[in-house]
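K.L.:
Listed below are the residues making up each chain.
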Amino acid sequence: MLDGIAVDQVFVSLKHWVLGYSPAAIEPAVSILLTILPILLVFPVLFALTTVLERKGLGRIQNRYGPNRVGFFGILQPMADALKSLTKEDIVPASADRTVHFLAPLVLLAVAFLPYAVLPIGRNMIAANLDAGVLFFFAIGAISELSVFMAGWSSRNKYSLLGAMRAVAQMISYEVPLLLSSIAVIMAAGSLNTVDIVNKQAGFSGIFPHWYVLTPWGFAGFVLFMISATAETNRSPFDLPEGESEIIAGYYIEYSGFKFALFFLGEYLGMFAISGLGITLFLGGWGAPLSFLTWIPSWIWFFAKLLGLIIGFIWVRGTLPRLRMDQLMNFAWKFMLPMALVIVVSAGAWRFLPQGVTRWLISTLFLAVAYGLLARGVETRNKIAKRTYRFAE
Amino acid sequence: MSQVAEDIMEISMGPQHPSTHGVFRMDVRLEGERVLRLKPVFGYLHRNHEKIAENASYLAAIPYTDRLDYLCSMTNNWGYALAVEKLAGLAVPERAEYIRVIVAELTRLQNHAGMVGFLLQDMGASGTPLMYAFTQREKVLDLFEELSGARMMCNYMRFGGVRVDCSPEWLRQTAALVAAFGGFLDEFEQLLTGNEILMARTQGVGVLPQELAINAGVTGPGLRASGVNYDLRKVDRYGIYERFQFRVPLGEHGDVFDRYMMRVLEMRESVKILEQALRDIPSGPVMDPKAKVRGLRPKVGEAYARIESPKGELGFYLISDGTPNPYRYRVRPPSLINLTVLEDMCLGQNIADVVVILGSIDIVMGEVDR
Amino acid sequence: MLGLGIVKGLIETARNFLGSYVDKNRLVTVQFPEERLPVAEAARNFPFLIYDGVDPEQGLRCVACQICEKECPPRCITIEKSKDKKPDFVGKSQFYPAVFDIDVSVCMSCQICVEVCPFDAIRMDNEFELSTTDRFGGLLWTKEKLARPNEHYLAIHPTEAAEVEARRAEEKAQAEAKKQQAAVTQ
Amino acid sequence: MTLEEIKNRLQSGVPGCQVELVVNGSPSGQNSLLIDRDHGFAAATLLCDQIQLDFCSNVTAVDWPDREKTDKIKTKQTVDGVEKEIERTIKTRIPGYLEVVYHLFSMSKHLGPVVIRMRTGNRSDDVTVPSLTPIWRSAEFQEREAFDLYGVVFEGHPDLRRILMWEGFTDYPMRKDYVPPPDDELEGLREQ
Numbered sequence: 001m002l003d004g005i006a007v008d009q010v011f012v013s014l015k016h017w018v019l020g021y022s023p024a025a026i027e028p029a030v031s032i033l034l035t036i037l038p039i040l041l042v043f044p045v046l047f048a049l050t051t052v053l054e055r056k057g058l059g060r061i062q063n064r065y066g067p068n069r070v071g072f073f074g075i076l077q078p079m080a081d082a083l084k085s086l087t088k089e090d091i092v093p094a095s096a097d098r099t100v101h102f103l104a105p106l107v108l109l110a111v112a113f114l115p116y117a118v119l120p121i122g123r124n125m126i127a128a129n130l131d132a133g134v135l136f137f138f139a140i141g142a143i144s145e146l147s148v149f150m151a152g153w154s155s156r157n158k159y160s161l162l163g164a165m166r167a168v169a170q171m172i173s174y175e176v177p178l179l180l181s182s183i184a185v186i187m188a189a190g191s192l193n194t195v196d197i198v199n200k201q202a203g204f205s206g207i208f209p210h211w212y213v214l215t216p217w218g219f220a221g222f223v224l225f226m227i228s229a230t231a232e233t234n235r236s237p238f239d240l241p242e243g244e245s246e247i248i249a250g251y252y253i254e255y256s257g258f259k260f261a262l263f264f265l266g267e268y269l270g271m272f273a274i275s276g277l278g279i280t281l282f283l284g285g286w287g288a289p290l291s292f293l294t295w296i297p298s299w300i301w302f303f304a305k306l307l308g309l310i311i312g313f314i315w316v317r318g319t320l321p322r323l324r325m326d327q328l329m330n331f332a333w334k335f336m337l338p339m340a341l342v343i344v345v346s347a348g349a350w351r352f353l354p355q356g357v358t359r360w361l362i363s364t365l366f367l368a369v370a371y372g373l374l375a376r377g378v379e380t381r382n383k384i385a386k387r388t389y390r391f392a393e
Numbered sequence: 001m002s003q004v005a006e007d008i009m010e011i012s013m014g015p016q017h018p019s020t021h022g023v024f025r026m027d028v029r030l031e032g033e034r035v036l037r038l039k040p041v042f043g044y045l046h047r048n049h050e051k052i053a054e055n056a057s058y059l060a061a062i063p064y065t066d067r068l069d070y071l072c073s074m075t076n077n078w079g080y081a082l083a084v085e086k087l088a089g090l091a092v093p094e095r096a097e098y099i100r101v102i103v104a105e106l107t108r109l110q111n112h113a114g115m116v117g118f119l120l121q122d123m124g125a126s127g128t129p130l131m132y133a134f135t136q137r138e139k140v141l142d143l144f145e146e147l148s149g150a151r152m153m154c155n156y157m158r159f160g161g162v163r164v165d166c167s168p169e170w171l172r173q174t175a176a177l178v179a180a181f182g183g184f185l186d187e188f189e190q191l192l193t194g195n196e197i198l199m200a201r202t203q204g205v206g207v208l209p210q211e212l213a214i215n216a217g218v219t220g221p222g223l224r225a226s227g228v229n230y231d232l233r234k235v236d237r238y239g240i241y242e243r244f245q246f247r248v249p250l251g252e253h254g255d256v257f258d259r260y261m262m263r264v265l266e267m268r269e270s271v272k273i274l275e276q277a278l279r280d281i282p283s284g285p286v287m288d289p290k291a292k293v294r295g296l297r298p299k300v301g302e303a304y305a306r307i308e309s310p311k312g313e314l315g316f317y318l319i320s321d322g323t324p325n326p327y328r329y330r331v332r333p334p335s336l337i338n339l340t341v342l343e344d345m346c347l348g349q350n351i352a353d354v355v356v357i358l359g360s361i362d363i364v365m366g367e368v369d370r
Numbered sequence: 001m002l003g004l005g006i007v008k009g010l011i012e013t014a015r016n017f018l019g020s021y022v023d024k025n026r027l028v029t030v031q032f033p034e035e036r037l038p039v040a041e042a043a044r045n046f047p048f049l050i051y052d053g054v055d056p057e058q059g060l061r062c063v064a065c066q067i068c069e070k071e072c073p074p075r076c077i078t079i080e081k082s083k084d085k086k087p088d089f090v091g092k093s094q095f096y097p098a099v100f101d102i103d104v105s106v107c108m109s110c111q112i113c114v115e116v117c118p119f120d121a122i123r124m125d126n127e128f129e130l131s132t133t134d135r136f137g138g139l140l141w142t143k144e145k146l147a148r149p150n151e152h153y154l155a156i157h158p159t160e161a162a163e164v165e166a167r168r169a170e171e172k173a174q175a176e177a178k179k180q181q182a183a184v185t186q
Numbered sequence: 001m002t003l004e005e006i007k008n009r010l011q012s013g014v015p016g017c018q019v020e021l022v023v024n025g026s027p028s029g030q031n032s033l034l035i036d037r038d039h040g041f042a043a044a045t046l047l048c049d050q051i052q053l054d055f056c057s058n059v060t061a062v063d064w065p066d067r068e069k070t071d072k073i074k075t076k077q078t079v080d081g082v083e084k085e086i087e088r089t090i091k092t093r094i095p096g097y098l099e100v101v102y103h104l105f106s107m108s109k110h111l112g113p114v115v116i117r118m119r120t121g122n123r124s125d126d127v128t129v130p131s132l133t134p135i136w137r138s139a140e141f142q143e144r145e146a147f148d149l150y151g152v153v154f155e156g157h158p159d160l161r162r163i164l165m166w167e168g169f170t171d172y173p174m175r176k177d178y179v180p181p182p183d184d185e186l187e188g189l190r191e192q
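Taken in order, these protein sequences are the chains called X, A, G and W.
For the first sequence, position 281 matches number 281 in our numbering, and the numbering has no gaps at all.
For the second sequence, position 88 matches number 88 in our numbering, and the numbering has no gaps at all.
For the third sequence, position 11 matches number 11 in our numbering, and the numbering has no gaps at all.
For the fourth sequence, position 119 matches number 119 in our numbering, and the numbering has no gaps at all.
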């Protein structure tokens, strides 16, 4: 059986092996290229697989097959989609602001690839080991709203304008709970460097890892993180910017052909990036879930967890209807924000209390009380209640 | 589109819009996302069904009634057949009455299931409730195809009975479907009724007060959701509905959630009716022997008959002048009249609710535009 | 408790997801060209004319009485009577249609022509793969394209065809008996 | 609450309102009340408030074009001294009119259809009838449809526009003497 470490470091050693052949003068350039190239290849391929996975998953949820005609079990469907979007005519509305209309998908794509620099995909497999990795991630994440608004505004279409307004409002208001729920982890790990965070979670007590998700405040933080991640990437219960049934397709209504496909690529890459961060912060990055499984290479664990989160996104998309704009904003500011602050308090309590049951009880108590109060607030504000019905003979 | 003030936006929702349930247009004046004014525009699917029926014989009008509310062709046929039977004074044999109740309640099941599926589709659930509803609808349509020859354009009822008798095998399949339908409804309610997002999106949205509902002539589940006890199966007692025990669900708030629950609870009542009808359906002829197939010439006079179609009160008003063609043929379209209150319900709500409110009224453009 | 309804909904979709792999009647999709649903016996699409025996010209049951042309709601049938007559199945000489066209793009397959036809000459076919590129000529079906042997009718609508056969055989027997009686009294 | 009682209530309640019972020949037995259009609105408010017919289910127009009534009458005439009875057919031309029919029900008392009719003066210039939309909102779209397809003008209707035909359309398609414009595309098809 191959020695675990060798397989784990296969890509790192491959890179050094290729570096050996490059002439010394351009060696730093080649090394940068060799780290960027796999990211540019692996994640678009993952995007292709996810589209098939999504359509087959949604299909099976709805008791039907998914695409199964192109290739074996529909595997080549993304090739067909790519070909279709390439050959489709690229229509630009006459009254559109052409340059901004053209730049919007490119800005979205550039911004979508940047966050992968700080994601530790495997043991010392990270593009840029920045000390403020998480800070860099959130700073870059904020630019995608710009491209969405560029698309909405430049198409000069009423529906796309509505979609763009919604997108900007939603992304900004869900940026706050996203940050706050990750603050608890940064506080516990004591560093913004993603590799340090992963190393902090690397140890095992018994067969269970030291993942933050296994602590009460960590689990609540993870749930909050994933809800705001769904909102950040405009996915299902929060897909108001592209509310097909209301404003037809939101900001990318006037895009067709390859630009339309670029928007989708950008959205999926954003989803992978933010799930990657979620894995790094809460699910122990590339760490193995159980102590006796560490022989499996680290990067396989990263992609396995990524696959798990993607299935979660698809599952939620297949089930839930869409929220309304004001409910979305209320939920962000009046439920998620206070909840995130309570998580920070609970993480603090966890940090300074001695080990053992009391620590568990107190932090879960914080969370339970906060959840009860805030949930009742949501229900009374939306006036939702179970109803009984009378019958006339 | 006139730009009245800078922040007022006039948009036209439809006639080509994913959730206007057909070619229906709404001129909506928005301030941000809030609706200030909403004028419905009709006529895109207008074929002048009434003129066609006035130039054709009584029998030839029946296949056209399939195309009125093209989701419930059986109840349309029944409404028209009932009107002509009232006009010409024809009797309907027992077995035919039972078959009419069975197929009408089957139509109600598939229409209400479809309506809930479309309503959730408008709310953004990406097709899952719609697919579950349509799986059941397919089973009902297969039964219609087995019985009348066509899934949606059944052309099944005649004056004085029904065209073809149903075989015992067909009755067994119907009983199997009805038995399984309760299970489907439980699964459907578990997916939807408790869902907080659904409750948030529909409770308190598009409220229709009781007086306005009566005054504006809203009929069907929309009216009963506002708490008015008016179900034609109980009021007019047409056909043989008084032989079956079933209850009429009534709502209190008259909002979109109540209209959704009306459909679900009415489906449960229809299952009860179907069980009783399938249990005691007699044998015998299905067509009044002396009723002539063609060349019906009712005496001079007029008649107005109405039935409880899944959309509301579907009425047929016929004036005969003794010739084989009806002199005046008028359809009272529940979908069109239920739309009278669309603007009243949408004022002040925002644009995402307009789509949901329209979905909760459950219109079919074939019936609105005729 | 907020979120409980959503969790119940998620469990429901998970049950359907797993059920579609396990439970046969959950996954109802039929892969059309490869798998085909059996066509319902009463299914109807477009009408066809029936002829007895082998030769469509001689055996055509239609006697061009034009009742179906009058009763057809969208008026898509056009018939032109022939000048001469030919004997029908009981030997009585009847007209036959020189031209019998159905404009299939107008026909709404409502089968009223079948109902009003007193000579069982027209019945509904259940063939549905009929798309053609030629909008005018291709969809105006002439007599030759409409004529089908009686065996085809027996194949697609067995029970209904059996009754019609029984009735026609009995009529034929009565006609025979009357003819013999007429021959005897002569 | 038979039609007779309603008729008397109307005549007593609305001064000067001519109400006539129109017998319906078909076995459905749904006779109707012909109310003159000047007192139509007052009569309708009485029906809605006092007799609680709170639900106006169906509103429609009917076109009665000019008719030639030919009836044979026997007259005695002395022709060259001999008294003979001869039949002469006289053609009386009955001027046509547009008629609006309302089917009223009571949701509170589950009362059956009360049918009231109003007639216009003729079919060309005097085609106005009082609109009952202020009383029953359900008549709004149906009166607009009667205006659109028959040309009956409803006075007092909040928003009398065409509802089914497009704005530029001038004719009234449901009238008996309506001739549809030649549909070129269809004509072309016939010659081919």
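Just so you know, the hints here were simulated from the structure itself, not pulled from any lab data.
Please read all numbers here as calculations on a predicted model, not as lab measurements.
Please note that the accuracy of each hint is not assured.
[To be verified] Rough simulated footprint, nothing fancy, chain A against chain G, three-plus residues with beta-carbon under 8 Å:
id : stretch
1  : 3-9
2  : 29-43
3  : 104-117
[Claimed, not checked] Computed cross-link-like contacts, EDC-like style, restricted to lysine to aspartate or glutamate with a CA-CA straight-line distance of at most 16 Å:
id : chain 1 : residue 1 : chain 2 : residue 2
4  : A       : Lys39     : W       : Asp159
5  : W       : Lys109    : A       : Asp142
6  : G       : Lys8      : A       : Glu189
7  : A       : Lys39     : W       : Asp171
8  : X       : Lys158    : A       : Glu138
9  : X       : Lys158    : A       : Glu252
10 : A       : Lys292    : G       : Asp101
11 : W       : Lys176    : A       : Glu138
12 : X       : Lys158    : A       : Glu343
13 : A       : Lys272    : X       : Glu267
14 : W       : Lys109    : A       : Asp236
15 : X       : Lys158    : A       : Glu31
16 : G       : Lys70     : G       : Asp103
17 : G       : Lys8      : A       : Asp7
18 : X       : Lys383    : A       : Glu252
19 : X       : Lys158    : A       : Asp186
20 : G       : Lys8      : A       : Asp186
21 : G       : Lys179    : G       : Glu115
22 : A       : Lys51     : W       : Asp171
23 : A       : Lys51     : W       : Asp177
24 : X       : Lys386    : A       : Glu189
25 : X       : Lys386    : A       : Glu33
26 : W       : Lys69     : A       : Glu31
27 : G       : Lys145    : G       : Asp101
28 : A       : Lys234    : X       : Glu393
29 : A       : Lys39     : A       : Glu252
30 : X       : Lys158    : A       : Glu6
31 : W       : Lys176    : A       : Asp321
Heads up, the beta-carbon is just placed ideally off N, CA and C, and yes, glycines get one too.
K.L.:
All hints, please: hold or fail.
P.N.:
Outcome of the hint check:
Here's how the stretch 3-9 of chain G fares: 6 of its residues keep a CB closer than 8 Å to some CB of chain A, so the rule of at least three is met and the hint holds. For a cut-off of 8 Å, the count of residues in the stretch 29-43 of chain G with a CB near a CB of chain A stands at 4, and the three-residue condition holds. For the stretch 104-117 of chain G, the proposed coverage by chain A is satisfied: 7 residues have a C-beta within less than 8 Å of a C-beta in that chain, meeting the threshold of three. A hinted pair counts as satisfied when its Cα atoms are at most 16 Å apart, and lysine 39 (chain A) with aspartate 159 (chain W) qualifies at roughly 11 Å.
With a CA separation close to 41 Å, the supplied pair lysine 109 (chain W) and aspartate 142 (chain A) exceeds the 16 Å bound. Between lysine 8 (chain G) and glutamate 189 (chain A) the CA atoms are separated by roughly 10 Å; this keeps the pair inside 16 Å, and the hint holds. Only pairs whose Cα atoms come within 16 Å are accepted, and lysine 39 (chain A) paired with aspartate 171 (chain W) is rejected, the gap being roughly 24 Å. Straight-line distance between C-alpha atoms of lysine 158 (chain X) and glutamate 138 (chain A) comes to about 38 Å, which puts the hinted pair past the 16 Å bound.
Pair hint lysine 158 (chain X) plus glutamate 252 (chain A) does not hold up; C-alpha atoms about 37 Å apart against a cutoff of 16 Å. Between lysine 292 (chain A) and aspartate 101 (chain G) the CA atoms are separated by roughly 27 Å; this puts the pair beyond 16 Å, and the hint is violated. Between lysine 176 (chain W) and glutamate 138 (chain A), the direct Cα distance comes to roughly 42 Å. Violation of the 16 Å bound is thereby established for this hinted pair. Under the criterion of a C-alpha separation no larger than 16 Å, the hint pairing lysine 158 (chain X) with glutamate 343 (chain A) is inconsistent with the structure, at around 21 Å.
Proximity of lysine 272 (chain A) to glutamate 267 (chain X) is assessed by CA-CA distance (about 48 Å); at most 16 Å being required, the pair is judged violated. For the proposed pair lysine 109 (chain W) and aspartate 236 (chain A), the alpha carbon gap of about 12 Å is at most 16 Å, so the pair holds. For the hint pairing lysine 158 (chain X) with glutamate 31 (chain A), the CA-to-CA distance comes to about 12 Å; that is within 16 Å, so the pair holds. For the proposed pair lysine 70 (chain G) and aspartate 103 (chain G), the alpha carbon gap of about 15 Å is at most 16 Å, so the pair holds.
For a cut-off of 16 Å, the pair hint linking lysine 8 (chain G) to aspartate 7 (chain A) is broken: about 42 Å separates their Cα positions. Restraint check: the Cα-Cα separation between lysine 383 (chain X) and glutamate 252 (chain A) comes to about 15 Å, which is no more than 16 Å; the hinted pair holds. The straight-line distance between the Cα atoms of lysine 158 (chain X) and aspartate 186 (chain A) is roughly 41 Å, outside the 16 Å bound, and the hint therefore fails. For the proposed pair lysine 8 (chain G) and aspartate 186 (chain A), the alpha carbon gap of about 12 Å is at most 16 Å, so the pair holds.
At most 16 Å may separate the alpha-carbon atoms for a hinted pair to count; lysine 179 (chain G) and glutamate 115 (chain G) exceed this at roughly 30 Å. Taking the CA atoms of lysine 51 (chain A) and aspartate 171 (chain W), the gap is near 14 Å; set against the 16 Å cutoff, the hint holds. Taking the CA atoms of lysine 51 (chain A) and aspartate 177 (chain W), the gap is about 12 Å. The hint holds against a cut of 16 Å. Distance check on the hinted pair: lysine 386 (chain X) and glutamate 189 (chain A) sit about 13 Å apart at the alpha-carbon level, within 16 Å; holds.
Only pairs whose Cα atoms come within 16 Å are accepted, and lysine 386 (chain X) paired with glutamate 33 (chain A) is rejected, the gap being roughly 28 Å. Note on lysine 69 (chain W) and glutamate 31 (chain A): the hinted pairing is violated, with a Cα-Cα distance of about 61 Å set against a maximum of 16 Å. At roughly 9 Å between alpha-carbon atoms, lysine 145 (chain G) and aspartate 101 (chain G) fall within 16 Å of each other, so this suggested pair holds. Annotation: proposed proximity of lysine 234 (chain A) to glutamate 393 (chain X) holds, straight-line Cα distance about 8 Å (limit 16 Å).
A threshold of 16 Å between alpha carbons decides the hint, and for lysine 39 (chain A) with glutamate 252 (chain A) the separation of about 28 Å lies outside it, so the pair is violated. For the hint pairing lysine 158 (chain X) with glutamate 6 (chain A), the CA-to-CA distance comes to about 13 Å; that is within 16 Å, so the pair holds. A hinted pair counts as satisfied when its Cα atoms are at most 16 Å apart, and lysine 176 (chain W) with aspartate 321 (chain A) qualifies at roughly 14 Å.
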